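S.K.: Here is what each chain is made of, one letter per residue.
There are 2 protein chains.
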Amino acid sequence: MPELRKDPISGRWVIISIERGKRPSDFGMRISPKKGGFCAFCEGNERTTPPEILAFRQNKGAPDSPGWSLRVVPNKFPALHIEGKENRVGEGIFDKMNGVGAHEVIIENPDHNLTLSSLPIKSVEDTLWAFHQRMRDLKQDERFKYVLIFKNEGDEAGASLEHSHSQLIALPIIPHLVQEEIDQAKQYYGYKERCIFCDIIHQETSAHTRIISENDHFVTLSPFAPRSPFETMILPRNHESSFLLNTHFSQLAEMLQKTLKQIDKVLDMPPYNLMVHTSPFHDETNEYYHWHIELIPKLTKIAGFEWGSGFYINPTPPEEAAKFMRDAEI
Amino acid sequence: MPELRKDPISGRWVIISIERGKRPSDFGMRISPKKGGFCAFCEGNERTTPPEILAFRQNKGAPDSPGWSLRVVPNKFPALHIEGKENRVGEGIFDKMNGVGAHEVIIENPDHNLTLSSLPIKSVEDTLWAFHQRMRDLKQDERFKYVLIFKNEGDEAGASLEHSHSQLIALPIIPHLVQEEIDQAKQYYGYKERCIFCDIIHQETSAHTRIISENDHFVTLSPFAPRSPFETMILPRNHESSFLLNTHFSQLAEMLQKTLKQIDKVLDMPPYNLMVHTSPFHDETNEYYHWHIELIPKLTKIAGFEWGSGFYINPTPPEEAAKFMRDAEI
Chain F
1 MPELRKDPIS
11 GRWVIISIER
21 GKRPSDFGMR
31 ISPKKGGFCA
41 FCEGNERTTP
51 PEILAFRQNK
61 GAPDSPGWSL
71 RVVPNKFPAL
81 HIEGKENRVG
91 EGIFDKMNGV
101 GAHEVIIENP
111 DHNLTLSSLP
121 IKSVEDTLWA
131 FHQRMRDLKQ
141 DERFKYVLIF
151 KNEGDEAGAS
161 LEHSHSQLIA
171 LPIIPHLVQE
181 EIDQAKQYYG
191 YKERCIFCDI
201 IHQETSAHTR
211 IISENDHFVT
221 LSPFAPRSPF
231 ETMILPRNHE
241 SSFLLNTHFS
251 QLAEMLQKTL
261 KQIDKVLDMP
271 PYNLMVHTSP
281 FHDETNEYYH
291 WHIELIPKLT
301 KIAGFEWGSG
311 FYINPTPPEE
321 AAKFMRDAEI
Chain U
1001 MPELRKDPIS
1011 GRWVIISIER
1021 GKRPSDFGMR
1031 ISPKKGGFCA
1041 FCEGNERTTP
1051 PEILAFRQNK
1061 GAPDSPGWSL
1071 RVVPNKFPAL
1081 HIEGKENRVG
1091 EGIFDKMNGV
1101 GAHEVIIENP
1111 DHNLTLSSLP
1121 IKSVEDTLWA
1131 FHQRMRDLKQ
1141 DERFKYVLIF
1151 KNEGDEAGAS
1161 LEHSHSQLIA
1171 LPIIPHLVQE
1181 EIDQAKQYYG
1191 YKERCIFCDI
1201 IHQETSAHTR
1211 IISENDHFVT
1221 LSPFAPRSPF
1231 ETMILPRNHE
1241 SSFLLNTHFS
1251 QLAEMLQKTL
1261 KQIDKVLDMP
1271 PYNLMVHTSP
1281 FHDETNEYYH
1291 WHIELIPKLT
1301 KIAGFEWGSG
1311 FYINPTPPEE
1321 AAKFMRDAEI
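Chains as they are written, first to last, in our numbering: chain F, 1 to 330; chain U, 1001 to 1330.
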């Protein structure tokens, strides 16, 4: 019998179709090998990107010159524009505003051939520092309510360039899915006076069936009601409402890279999406929301049922996914 | 400047990135040609599907024998099981239930090589009748709160068999996205004492910038804040809360096929998803919700930003999409 499970954070139900029980090798999605060729993100080509916003350099070299270990640049084809005012207006019953926002690219390392799972651990830590610094900086801009940090690995997951990079988009509104999580978390807090994420961590670390790994400061697990096979979540072990409050960068880098190596091992380098969910700027410190990283390997297709219902059909129970991940020899 | 637009029905914002302004030919997604080979949905192979639930036959032949013009059969690999009780239980803080539900396949026509856009109009009308009959029948089962009707056309849109078919899933809960629309529509009704869909139809048919076509009973339009390029909506012109209340089958068939022909013409036979949204069984007749058909050509990829935010970036403004559709010579 398949099982319907409710994700307590989003309120979304999923169908865990246990009988279809797909094993990791059944998916057969693998990122394409890198083709090489000219790359604007490679060292030496700094002038082909918009001027850098932030860079880590040991040699204290000039901006937009070689010698960096990480660069942050504006997206050349931004989804939103940095100049201008929101200008919220109606159009009859409809509502719209100018598409103001920041859209930046974090080039994680100069080496074209590495991925976030194979980068030196220092680069992973630098990447997390860059996320933090950019988020803190963009918070100063009063037009922005939220920064979404994300990464698309592999063409199938939406990456248009193969050189390993992450992105961030600063938004003048709180995204729908984040607001949904916040609303549910607030409702839970209103009833229980506890953070729902803290309760999940407590229950999961006791039961251990969906735990993938733990260190002093972070817990990695398969959520109870994942949207897709091998969806994975990394959370700070102790309550922390915003990524801006994080101080454990090396432990987080270690946990993130370990998890990505496990995903690569179990699923043979699948395309994936990574997202950071955090509290909105205006409510950075609170007792009900708990920042976290979501990882979604791109293994299944979104079809009419999912589009029409917001329901997901997941052929791999998270208990099995967690076991495969725990047992992966990396 | 890109534009942020709010979909008044779901509450979801989208980014219309006007400057990227993709033209229809920029997408280059086309359904694969049919390969043929053995097909369980073809005439003569009736015994290879589970026993039929409903069929239209001129010749009054026996069930599961040739001579039909449309068949409805249980899905051989159902996402949910028809037998059993819901059995809602907790698992600590989590909630789950048995995956009870119906999962049926509507084989729209015996001809393997046709699509919903090229079928004889009678088959399109029959398909809509079959949706209606199955929905009415499943309503009798008290375990079910909602039936989602959908269609995946093309492998890229999630179709696993090439013979033209639709599907339905009867669910013991109201799907998340439908509930979201209902909640928004109720809120609007609470404030305005009018149906939001009726108001949209009124505004759109006056402005005519996003209208694709109209007949006596139906209106087809590009929504103000579409999730993806060429997303299209067909609505009954006059208020009707449930598809179960529809009586204009031939007009709807005509409108649906015309719209699909326009999509095929403008986008060169793209893969697409079709979904019917209707009021839940327990609230069939109401003044705030308005049933409709959603069509989403599968042209763009869902990447980290969309997964993380519930925001969509749409490179084709709906005003342009509607114009392309209106101007299509079909």
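For the record, the hints were derived by calculation from the structure and aren't laboratory data. Computed from a predicted model, the values in this text were never measured in an experiment. The beta-carbon is built from N, C-alpha and C at its ideal position, and this holds for glycine as well. You may find that some hints are simply not true.
Which chain F residues face chain U? A few, computed with CB under 10 Å, are given here [as the list claims (entries may be wrong)]: (1) K6; (2) E142; (3) F144; (4) Y146; (5) E153; (6) I182; (7) Y189; (8) G190; (9) H202; (10) A207; (11) I211; (12) A253; (13) F311.
Cut-off 25 Å, straight-line C-alpha distance, at most; resulting in silico cross-link-like pairs (DSS-like, lysine-lysine) [said to hold, decoys possible]: (14) F:K22 <-> F:K265; (15) U:K1261 <-> F:K96; (16) F:K34 <-> F:K122; (17) U:K1096 <-> F:K96; (18) U:K1022 <-> F:K6.
Over the 10 Å line for every Cβ pair with chain U, so calculated as not near, a few chain F residues [stated by the list, open to error]: (19) K122; (20) K186; (21) A225; (22) H277; (23) A328.
S.K.: Find the nearest Cβ of chain U to the Cβ of A225 (chain F) and say whether that gap is larger than 10 Å.
M.R.: The claim is violated: A225 (chain F) sits with its nearest Cβ about 8 Å from chain U, within 10 Å.
S.K.: With chain U as the partner, please determine if E153 (chain F) meets the hint condition of a C-beta pair closer than 10 Å.
M.R.: holds, 9 Å
S.K.: Quick one: work out the minimum CB distance from H277 (chain F) to chain U and report holds if it exceeds 10 Å, violated otherwise.
M.R.: At roughly 7 Å from the nearest Cβ of chain U, H277 (chain F) sits no farther out than 10 Å, so the non-interface label is violated.
S.K.: Let me know if the C-beta of I182 (chain F) comes in closer than 10 Å to any C-beta of chain U, holds or violated.
M.R.: With a minimum Cβ separation of about 12 Å from chain U (threshold 10 Å), the hint on I182 (chain F) is violated.
S.K.: Does A253 (chain F) meet its interface restraint, that is, does its C-beta lie within less than 10 Å of any C-beta in chain U?
M.R.: violated, 19 Å
S.K.: Would the hint on Y189 (chain F) stand, with a C-beta cut-off of 10 Å toward chain U?
M.R.: Given a least distance of 13 Å, the restraint on Y189 (chain F) is violated.
S.K.: Taking 10 Å as the cut and beta carbons as the points, is A328 (chain F) off the interface with chain U?
M.R.: Holds: least Cβ distance 23 Å, greater than 10 Å.
S.K.: Would the hint linking K1022 (chain U) and K6 (chain F) be met if the CA-CA limit is 25 Å?
M.R.: violated, 38 Å
S.K.: Just to be careful: measuring from the Cβ of E142 (chain F) to every Cβ in chain U, is the smallest value less than 10 Å?
M.R.: Not OK, violated: E142 (chain F) not within 10 Å of chain U, min 17 Å.
S.K.: Taking 25 Å as the top limit, are the C-alpha atoms of K34 (chain F) and K122 (chain F) close enough?
M.R.: holds, 23 Å
S.K.: Are H202 (chain F) and chain U close enough, Cβ to Cβ, to be under 10 Å, as the hint says?
M.R.: Cβ of H202 (chain F) sits 9 Å from chain U, so the hint holds.
S.K.: With 10 Å as the cut and Cβ atoms as the points, is F311 (chain F) at the interface with chain U?
M.R.: holds, 5 Å
In this structure, the earlier hints numbered 2, 3, 6, 7, 8, 11, 12, 15, 17, 18, 21 and 22 are contradicted, and the remaining ones agree with it.
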